[in-house]
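Chemist: Work out the full structure: start from the sequences and follow the hints.
Residue numbers (the working numbering), protein chains in the order written: chain V, 1 to 627; chain F, 1 to 83.
Since the hints were derived computationally from the structure, they do not count as laboratory data. Predicted, not measured: the structure shown is a model, and the values here were computed from it. Even for Gly, the Cβ is constructed at its ideal location relative to N, Cα and C. One or more hints might be untrue.
[Stated by the list, open to error] Derived coverage of chain F by chain V (criterion: at least 3 residues anywhere in the stretch with Cβ under 8 Å from a Cβ of chain V; other residues may be distant):
| hint | region |
| --- | --- |
| 1 | 40-46 |
| 2 | 52-66 |
| 3 | 69-83 |
[Unchecked claim] Computed from the model, here is a short list of chain V residues facing chain F with C-beta under 10 Å:
| hint | residue |
| --- | --- |
| 4 | 314 |
| 5 | 342 |
| 6 | 428 |
[Claimed, not checked] Calculated Cβ distances over 12 Å to all of chain V for the following chain F residues:
| hint | residue |
| --- | --- |
| 7 | 13 |
| 8 | 14 |
| 9 | 15 |
| 10 | 19 |
| 11 | 29 |
| 12 | 30 |
| 13 | 32 |
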Amino acid sequence: MESPAETVALAGNPNAGKTTLFNALCGTAEKVGNYSGVTVSIKRGTFYTPHGRQLEIIDLPGCLSLEGGSPDQVIAGEALRGISRKAPDLVVCVIDASNLERHLQLVLEVLELEIPTVIALNMVDVAEKSGIRLDPIKLSEELNVPVVPIQANRGKGIVELKMAMRHPLPPASPGFRWQVGNEESRRAFAFATADLVARRPSRHTTNLSDRLDSLFLHPVWGWFAFVGIMFTLFWCIFSFAEIPMGWIESGQDWLASTIENHMPPGDLRGLITKGVVGGVGAVVTFLPQILMLFFFIGLMESSGYMARAAFLMDGVMAKAGLSGKSFLPLLSSYACAIPGIMATRMIDSPKERLVTIFVAPWMSCSARLPVYLLLVPMLMGGREGGTAQALVFMSIYAVGTGTAFIVARFLRGRLGPDKIRNHFLLELPPYRMPQWSYIFRHVFDRGWAFLRKAGTIILSIMILLWAATTYPRLDTDDPGAAMDYSLAGRAGHFIEPVTKPLGFDGKTGTAILTSFAAREVFVGSMAQLFHVEAAQGEEEQATRGHIRERLAMEKWPDGRPKFSTAAVVSLLIFYIYALQCLPTSIIVAKESGSWKWSVGQFFFMTSFAALASFLVYQGLSLIGFAS
Amino acid sequence: MAQNTVYPSSAERLQSLAEAQVGIDFQIRKIEGPACEQLRRLGFCESLYVRKLATGRNLICSVCGTRLALSRILADQVKVAAA
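Modeler: Right, here's the structure in full:
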């Protein structure tokens with residue numbers, strides 16, 4: 001029987017490049033970024049040494065020491081000590097070649113565990129560019145372990161590193177030249193070794209990062225740059241995605257007409273053209289915008305700008321009772337709340353972490369994009385693109401973020417101060433060229449995940465909704481009467497008294513209910529629910545423009561438009577605030593350690609959304625925006 | 001070697017990093033206060049050179065080629081002298 005694969009653990013300080021090395025070794029595309037705290041949980045993979053031996057590799061969250069720290073750092077410490085799992089057979093210590101003084105301190109702690117160790121001296125190019133003269137051979141002699149210079153982001157030195165991990169694994173370093181367990185002694189040895197093997201220029205020299213920081217961290221220009229970057233992001237999402245969206249819609253039209261030409265009329269054709277192509281297609285149309293959002297967030301993470309944004313926001317976050325460190329998970333939540341909530345593990349203060357988890361779902365995630373993109377142009381006469389819409393779009397994100405800060409302030413006050421006071425301390429990594437291959441792979445993976453969701457959850461709901469809008473069937477030519485008679489029509493009438501004060505008719509209420517499974521479903525549900533009534537036998541596909549036209553024609557019995565400015569703003573407000581994502585609730589329960597937080601968050605956010613919609617609709621109606 | 005407090009000469013004036021002037025190189029002479037272990041782990045150690053790059057609610061400095069942003073409360077615990 002073949003022996004189980006030996007385990008190699010990647011350990012090191014935050015932002016040393018562990019996950020980049022993990023991806024280079026395993027050929028995976030795990031999330032990387034140019035800031036501390038990207039990896040907050042253990043990741044696993046396998047790879048083969050040049051001698052054909054399979055090794056299991058675990059990527060640990062970055063830690064400054066094996067003693068204590070934030071939850072992610074505790075995970076790393078316990079994994080290396082063999083507390084939470086079997087201790088690794090080999091540790092690869094990934095260290096930043098331009099910061100040996102600090103990174104070597106953790107290496108010495110790892111060596112004290114007496115586990116075979118190899119040092120991956122990463123980012124040697126950056127160190128040499130900044131004038132540091134490295135001597136990896138001397139470092140190997142001083143520590144008595146193999147040292148391999150690498151550039152993980154370019155795949156340089158990976159083969160040599162794999163060679164160093166050949167079987168039998170390098171023995172644990174015998175004898176230590178510092179006092180084991182004594183932090184002072186360890187630090188002194190680390191400094192002396194760094195001084196010997198990495199000679200740095202005696203004086204600080206101004207580099208590109210300094211020059212960029214003089215703009216991005218400037219108390220005035222820094223804010224202009226921040227707002228400018230955010231505006232560009234939203235403007236691009238609105239303007240550049242038009243072309244690929246047109247292609248998807250054309251493909252959708254072609255597919256529906258082909259099916260109609262080749263299938264006899266009947267329920268099955270209705271299900272495929274209206275339920276599948278119309279319903280799911282209406283959601284898939286927004287794929288280009290979702291990809292663009294992930295691309296821009298990937299750019300910010302990869303370039304080093306994220307840490308600058310956290311620095312700028314620290315003052316604002318302090319007013320909400322949080323710190324700049326909370327801004328990093330919150331900014332990640334703009335893409336998806338789940339990794340954002342997991343990223344709160346990098347926050348040292350337990351109470352600050354809990355509050356950040358609670359408000360993170362109010363950062364508008366990518367699943368809300370299709371809803372916003374459908375509704376925002378309705379406030380501008382149905383036209384898409386342009387500066388005004390980008391500003392409205394940005395305001396939507398600002399409303400969610402602003403409310404999150406206010407609620408965080410309130411909650412933070414209720415929870416009281418931490419036992420140990422934590423202060424803002426953040427590494428500002430040097431700016432780096434984005435890792436394009438990783439960004440595009442990540443964007444592709446997210447796009448594929450979105451399509452998978454469209455092909456599973458969204459498709460299932462669309463089929464169920466089609467059945468609910470079709471059965472029980474009424475023998476009539478009037479699609480409105482048929483809709484009223486159907487299950488969905490009856491459900492709409494049933495819930496209309498509840499949704500009407502918020503500005504929504506029964507069908508919109510039904511669409512909202514369906515979107516509690518996944519927010520994106522709202523667009524497809526609206527396409528199905530309103531298409532049935534307004535089609536008049538016309539076999540037109542539910543493109544976003546057509547959905548808007550249909551909605552604009554809808555009237556209340558007294559002749560007022562159903563989708564007035566007040567109603568559309570009220571709908572937007574509901575989607576900004578409502579928590580309609582089951583996986584988020586599960587992650588919140590796991591990370592907060594209590595279902596009470598998760599259930600409380602769901603009811604609080606949904607009630608808040610309904611109340612805010614009610615107040616906005618009634619307020620706008622009073623000043624004449626409902627007609 | 002860097003672990004011990006570097007005692008200033010009688011003519012030398014110690015000041016906290018929070019008070020120090022921007023754009024000048026300093027040497028860390030003493031770290032004292034409740035967060036000194038946290039600061040040491042991040043690279044603030046006696047005898048190392050530090051340059052203050054920006055000031056404000058939080059300040060930015062460069063230690064051993066690493067740029068760090070830290071609150072004024074933490075910076076108050078780092079005592080420096082002109083290099």
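Chemist: Each hint needs a verdict: does it hold in this structure or not?
Modeler: Going down the list of hints, with the structure as the test:
{"no.": "1", "hint": "40-46", "verdict": "holds (count 5)"}
{"no.": "2", "hint": "52-66", "verdict": "holds (count 10)"}
{"no.": "3", "hint": "69-83", "verdict": "holds (count 5)"}
{"no.": "4", "hint": "314", "verdict": "6 Å, holds"}
{"no.": "5", "hint": "342", "verdict": "23 Å, violated"}
{"no.": "6", "hint": "428", "verdict": "4 Å, holds"}
{"no.": "7", "hint": "13", "verdict": "21 Å, holds"}
{"no.": "8", "hint": "14", "verdict": "21 Å, holds"}
{"no.": "9", "hint": "15", "verdict": "19 Å, holds"}
{"no.": "10", "hint": "19", "verdict": "17 Å, holds"}
{"no.": "11", "hint": "29", "verdict": "15 Å, holds"}
{"no.": "12", "hint": "30", "verdict": "14 Å, holds"}
{"no.": "13", "hint": "32", "verdict": "15 Å, holds"}
Checked against the numbered hints listed earlier, the structure breaks hint 5 alone; every other hint is satisfied.
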